[in-house]
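> Sequence:
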Amino acid sequence: FKTISPNHWAGFESNHKTFSVQAIRGDDITVKSYKVESRITSRFAHTTVRSSVVNSGSKAQSIGFNVQIPKRAFITNFTMNVNGITFMGSVKEKTVARNLYAQARARGKAAGIVRYRANSQDMETFKTDVHVPPGSNIEFELHYQEMMHRKLGVYEHSLYLQPGRLVPQFQVDVYIYEPKGISTVRTTNTLGEELTQLIKLTSSKDKAHIVFKPNLQQQRKCDNCTGSAIDGVFSVQYDVTRDSNAGELQVSDGHFVQFFAPANLSPLPKNIVFVIDVSGSMWGVKMKQTVEAMQAILDDLTIDDHFSIIDFNHNVRCWSEELVSGSSIQIADAKKYIRNIKPNGGTNINEALMRAVQMLVRASNQGLIDPRSVSMIILVSDGDPTVGEIKLSTIQKNVKRVMREEFSLFSLGIGFDVDYDFLERIAMENRGVAQRIYANHDAADQLRAFYSQVSSPLLRRITVQFPEDTVSDVTQNRFDKYFDGSELVVAGKVLPSDSNTLTSLTTASAVSKMNKSRLQENIISHESEVHQCPLSRPVLQARLDITLETDADTAELDTELAKQQHSFTGFARQMWAYITIKQLISER
1 FKTISPNHWA GFESNHKTFS VQAIRGDDIT VKSYKVESRI TSRFAHTTVR SSVVNSGSKA
61 QSIGFNVQIP KRAFITNFTM NVNGITFMGS VKEKTVARNL YAQARARGKA AGIVRYRANS
121 QDMETFKTDV HVPPGSNIEF ELHYQEMMHR KLGVYEHSLY LQPGRLVPQF QVDVYIYEPK
181 GISTVRTTNT LGEELTQLIK LTSSKDKAHI VFKPNLQQQR KCDNCTGSAI DGVFSVQYDV
241 TRDSNAGELQ VSDGHFVQFF APANLSPLPK NIVFVIDVSG SMWGVKMKQT VEAMQAILDD
301 LTIDDHFSII DFNHNVRCWS EELVSGSSIQ IADAKKYIRN IKPNGGTNIN EALMRAVQML
361 VRASNQGLID PRSVSMIILV SDGDPTVGEI KLSTIQKNVK RVMREEFSLF SLGIGFDVDY
421 DFLERIAMEN RGVAQRIYAN HDAADQLRAF YSQVSSPLLR RITVQFPEDT VSDVTQNRFD
481 KYFDGSELVV AGKVLPSDSN TLTSLTTASA VSKMNKSRLQ ENIISHESEV HQCPLSRPVL
541 QARLDITLET DADTAELDTE LAKQQHSFTG FARQMWAYIT IKQLISER
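The sequence shown lines up with residues 1 to 588 when you count with my numbering.
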């Protein structure tokens, strides 16, 4: 579905509600039920959306079924049952699909067409229109899967609920099973206080169940209203129990997944060049929010960090030509510089990025930065290049040519007029990520939240390896850096073996101030430079090259999964496929 879906939306406009079922013309339909069920097993979620509808009018009509799903999700199945006949979704080239739909509709037959549209930073709208005769009963069923990504110490599973009408049988169930245990679980939503009180959460050591089941009266906006009060985001946030810093290795269905999310490590020093677009289009709210966010971001820097600021329009200016330490004096001067920026002129992204890379290269060549520190460029822009080199592909090549392997580029696109695809490509090519920032009242919060995800690098040069002839088809297993609150995931196939144990070895570089005995609990070997610390207990403050070992029984987890009512044994295989496909798309 996803491959061809963006083009389906050419020429279409939709006023449909999220998670909605409604008539395209008129309103002679009856929604009998709407049910959403998510089963999350070891950070992998399988969500099913089911709805039952009746065309209660006297004429044939088109009925729309619309669901917002996460952009990172893959649809695994879509079916429609019309008057007892089940139709399976299939992918066609867009022109062929439109013609088949038009022909069937002209003959008065039941037919549906599916479209996709990206509509926010994290969500896309899955939409299908089905043309059905009067009195028809239609059942929609959509399945999609996604891997939970850990951000700022939690996994978040979000469902966008907006039925647009009252539904006699409305229910949401989220089941979570984590073999090693659930450390925290909570719900957040934007549904309003009265509806929030209807959410029921039960949890045990390794399982949780969240249910939301408002009756018809509870769905009403008011006692006599016919409109639904359900309109918002229903989210479940949780984290898992971690026995050690060595990671968590799980084996199921002939596949393995290695999770790695160490804590209790001191952050590595950072070298950051902030590259800020100050062209005319940034005038007003965008610049105000950027300045507000930068004040807080600069406060986060420590004396061990080094930074500079480059602002650009048609010209490129440097607050400091060299990286400087994050001292209170330098921070205060940088804040003053940011506050005095007055946006105007064009956009010279190419030269600004070239200057930023040159600054990092020069500092590295002169030995001014710690070789184990983390060096990054954070680009904030709201538009396409209009000055200097304006060909996007050439800018990409220029940046990739001069960037060193130890540098990363993070791109933040402000507003809807920015070429976000370009910012995403240039970031992914240079070991970073991109994020869209919406230019509204909380843009500053969005900027700060993104920075929080990359502000505490804990490890460099992480590699996850396995003994020879024990695994195959391994996903990415080398990572340049690990940030606090996130998680690295490696998956693959387990080869047949006489042993019932699989072992992984994770190597990394770190700066540690943690208790020596606690870190060494899972360390096979380490090389370090030890420094004295004026603390009350023995503490190792060291630059460490560490090797951590993890092992797992190859049959134990499948035995346990078979006992769980709401888990699925194929999670490891599906997660391996999910990660593999994501990597192939990224490489493409």
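Check before you lean on any hint, since a few could be wrong.
Subject to a maximum C-alpha distance of 27 Å in a straight line, what follows is the list of computed DSSO-like cross-link-like pairs (lysine-lysine) [stated by the list, open to error]: (1) 180 / 205; (2) 35 / 288; (3) 151 / 207; (4) 397 / 342; (5) 213 / 342; (6) 180 / 221; (7) 397 / 35; (8) 221 / 207; (9) 288 / 342; (10) 35 / 221; (11) 582 / 397; (12) 32 / 205; (13) 342 / 92; (14) 563 / 71; (15) 221 / 205; (16) 205 / 582; (17) 180 / 151; (18) 582 / 563.
In short, the hints are calculated from the structure, not lab data. Since the model is a prediction, treat every value here as computed from it, not as a measurement.
> So, against the hints stated earlier in the document, which numbers end up violated here?
2, 4, 5, 6, 7, 8, 12, 13, 14, 15, 16 and 18
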